[in-house]
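There are 2 protein chains.
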Amino acid sequence: MRNFSFFGRFSRAFQDYPSLSKIIVVSTISGGGLIAYTEANSYNGGRGHIAHADAVASEVVPKKKKVVLLGIGWAGMSFLKNLNNPNYEVQVVSPRNFFVFTPLLPSVTCGKVEARSIVEPVRNIICKKSVDISYSEAECIKIDPENKKIYCRDVINTNVKGEDVFAVDYDYLIVAVGAQVNTFNTPGVYENCHFLKEVDDAQKIRKNVIQSFEKASLPNLTDEERKKILHFVVVGGGPTGVEFAAELHDFVSEDVVKLYPKVKDYVKITLLEATDHILNMFDKRITSFAEGKFGRDGIDVKLGSMVTGISDKEISTKVKGDSNSTSTPYGMVLWSTGIGPRPLIKEFMKQIGQGNRRALATDEWLRVEGFNNIYALGDCATINQRKVMEDIADIFKKADKDKSGTLTVKEFQEILNDVCERYPQVELYMKSKQVRNIADLLKEAKGDSAKESMELNIEEFKKALTEVDTQMKNLPATAQVANQQGAYLAKCFNRMEECERNPEGPPRFRAEGRHRFHPFRYRHLGQFAPLGGEQTAAQLPGDWVSIGHSSQWLWYSVYASKQVSWRTRALVVSDWIRRFIFGRDASGI
Amino acid sequence: MRNFSFFGRFSRAFQDYPSLSKIIVVSTISGGGLIAYTEANSYNGGRGHIAHADAVASEVVPKKKKVVLLGIGWAGMSFLKNLNNPNYEVQVVSPRNFFVFTPLLPSVTCGKVEARSIVEPVRNIICKKSVDISYSEAECIKIDPENKKIYCRDVINTNVKGEDVFAVDYDYLIVAVGAQVNTFNTPGVYENCHFLKEVDDAQKIRKNVIQSFEKASLPNLTDEERKKILHFVVVGGGPTGVEFAAELHDFVSEDVVKLYPKVKDYVKITLLEATDHILNMFDKRITSFAEGKFGRDGIDVKLGSMVTGISDKEISTKVKGDSNSTSTPYGMVLWSTGIGPRPLIKEFMKQIGQGNRRALATDEWLRVEGFNNIYALGDCATINQRKVMEDIADIFKKADKDKSGTLTVKEFQEILNDVCERYPQVELYMKSKQVRNIADLLKEAKGDSAKESMELNIEEFKKALTEVDTQMKNLPATAQVANQQGAYLAKCFNRMEECERNPEGPPRFRAEGRHRFHPFRYRHLGQFAPLGGEQTAAQLPGDWVSIGHSSQWLWYSVYASKQVSWRTRALVVSDWIRRFIFGRDASGI
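Chains as they are written, first to last, in this note's numbering: chain A, -2 to 586; chain B, -2 to 586.
No wet-lab data here; the hints were simulated from the structure. Some hints here could point you the wrong way.
One copy or two, it doesn't matter: identical chains are merged, so the pair holds either way.
[Claimed, not checked] Lysine to aspartate or glutamate pairs mimicking EDC-like chemistry, simulated, CA-CA at most 20 Å apart:
#1 LYS255 / ASP540
#2 LYS259 / ASP129
#3 LYS261 / ASP129
#4 LYS158 / GLU221
Computed from a predicted structure; not experimentally measured.
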């Protein structure tokens, strides 16, 4: 009887408090879930390092070279995590003392995930490493490559002031400061729009969204004013803009209806896109699915719509091909159209004669052009891939081993791998032409008369490769690229001494010997576009497209596994669980 | 063999990633733990209400009376949670749309608990209730009791403006706006000090603490400047100040040593207390333990130290009995000395002729003196306990049933319970005198000649009770008092109609009939003072004192159980677990 009444009470508790049952279900499976979400080799610290450090300590330690790293975004963090060569003394300089897992920023705007959960303090990373790393919270304001110095400004306001500006010496400088929003000189954007680049942008948006609903719930407004306040405009139909619109729609349909029932009908979400489609970097199937879903959800997608200006009350747009612009009142605007260089990078580009560029140009080894000891990676840099046509004579000379002045297919075949490594566009060109064999490519240039034993002179060789360079593409400004670049550079630094002695890169075509390292090669792992309602579009390598709830689960597991630490992983996963059980937090803090 | 290698890898994973093993241990026990932490009946929503609402709906529903509640602190939240009478239409007005679990504010300052975890949005509470409740995010700026109106100012900044000020009508007004910090007119406090009353105060302190350590780690400072920046001063040795000092010390000794190893030796914590002891509202055993522990921890406790002024760089103090004041440079000051009335309350007190008071005076039923339909509770109010001596003639008359002009012990005994309910100081006085029987008290007044059958005249009766009123004490301004007052008032409102018909309170001494309700009686449940290092001092009813690690566990379980919702309970507990596994977050966001 006692047992019975205990179970009776227990089961009643479940009925009375539905959250309770959810908590128990979730906490029961969470132990296993956390592990399943995680890739086993994501952690770079641990015993390996310590053993390594011990081994080095017993050798004679040469004077450590000073590496200065600017910025701890994806590129900088990835470099720090992968670096394990104790022969360097690393000084990190960044005005922000934490790394942000940027792909989850849109999730922060409406409370699906907490700001703190997607942030990892740089000192947490540093204190686990056996490499000598220190950190200064400051902003680099000038790079002086001649004297191998950078100048930093102290940005922390306390009641005790030190010197305002201080200098830091370097042997190697790694520039990974990222980019800033690009307003395309549209008037009023800085004054009236929200952005979504940093954690505090996301926090401000969240506060603003909640405050808009609170304001609209007040008795001192007309219905017209309520509609204005609850008109949310997103400018830019890229992944960020689309995800924010989807998050906001989910928030309205899942939480606002319960929390702000009186004002839910005044909400309107508008998405403005200047080109013909949203998500235009994705496959067409994804684009049209997304446009269809947003249509059904009541999100007003306006394609071909250019923003001409934003005042504090209205946003002016112009439809493509129409010279008149129309103005619409709004409550909040998110501007997410693209990126431009930061002032430091603009200034540095001017200094080194790259003044007209949109990002710092580097070679394929991520070195800033013209400097052997300055690297640039992530959104602040682009790789200036060397053109085949510029080096065509040298390639011909290197390939023509018998110095006959003509090239046989066999001779070219022998150096083809080296050429493809140094000039990846050759391989892309062959793929795009669906040419399997280099002989076919050369034959085509030679014309119908070509035979197996043909020989090409320099002019014919040029003709064969003349369109190769059209295949060169800039890498997208994504977290994935920056992450891979950081890891690549760390590996180079880890093996610096070894590769000085035994270079492992491709042979130099314009000189003797080989390059120290293999050039950086980007490996595209796929891309997600969350569309709301627990549906995500995924475009994976090999033209594989998946849309729907299953991709959402893929999204959850990939984003959980890609977290930089066990700490943020646990926090992000528990935020998802919390939202599933309790809904979003509407406190506006 | 395969199995073996799986387990081998698994156990290696545990050794390599100590956090992983902690996560698994914690998630395994968390399911049970959460339930154990929680008292079963803490949730007020659920089936009971719905059944009640159904029953009422089938009767004829009278026009709902409008209740306006100002503030959602402990008192307001407790009122809302306990109210379940659907005959009221409640309008909540507060400039802050969430409740804060204030006892955990010191935990937020150094990242033991997240700000969001101790906050419950008022709309989450409202949407679960079956009572008609709405909320406006606005600040009440004026109370107009004659016209039964309050005036509110819209405090939300958006790009669309409505009317600045709007009025709200009420039938009943409940004032629970809390208090603000009291600077005792010390110059420079508002400009240079931190406070710890609100969630954003705690967030600011947290940011400031982290930024101080970042600043001190920069290369552009002298050691002298580093010492200044890392000198943390706490003014006020009450529970808040003491707990903050303890949290800060824990943060330094547990996390700073790892994260900021270069600056850890520059840290200094000073605690200034104007009286002779810290925690002087606690038992002496606790006070001396706390002072001893702080001494061992290296926290500089300065007793009898008055702050005379604070500039942006230095804090000036004066030792008791010494006329000279000394100045010390500081990096950060927390001011936590006491509370004073908010401007709204000051203004209202002037209006109703209570201008000289420090808080709104109410009667024992929490009604503002002179108003039948305005209630005040929590930190903005004090109960003006009616004195026995003021009513002594009426009490005598009521007791003297045979109108003989004298009172027998038996006669007084008959109304003693009613007297004690109306004038609780009588009971306290008897306890303090260790008098068990009222006869003894009366005998004492009568002198040695007293007998069992004695009779007292009015003068002798006065003499017997003359010192009773010295036992009157104001209730402390704590969360516990406010919480009980809110619950009490909700119960009154829940039974309003019933008690109008059948009053349940004590008989009126100065008039006929009975009071509608029992007067409010505070039940002290004990008090905690966390002292850092997982040690807490607990003072429980019945003079029971406990200090140490076991009290810390009591603290954890009490604070987890007292959370206002399952959501915050889960969040707070998971924050504690997170800190245990991963340490504090040093990102400063």
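Inset, instruction - Compare the structure with the hints numbered earlier in the document and write down the numbers of the violated ones, lowest to highest. - result: 1
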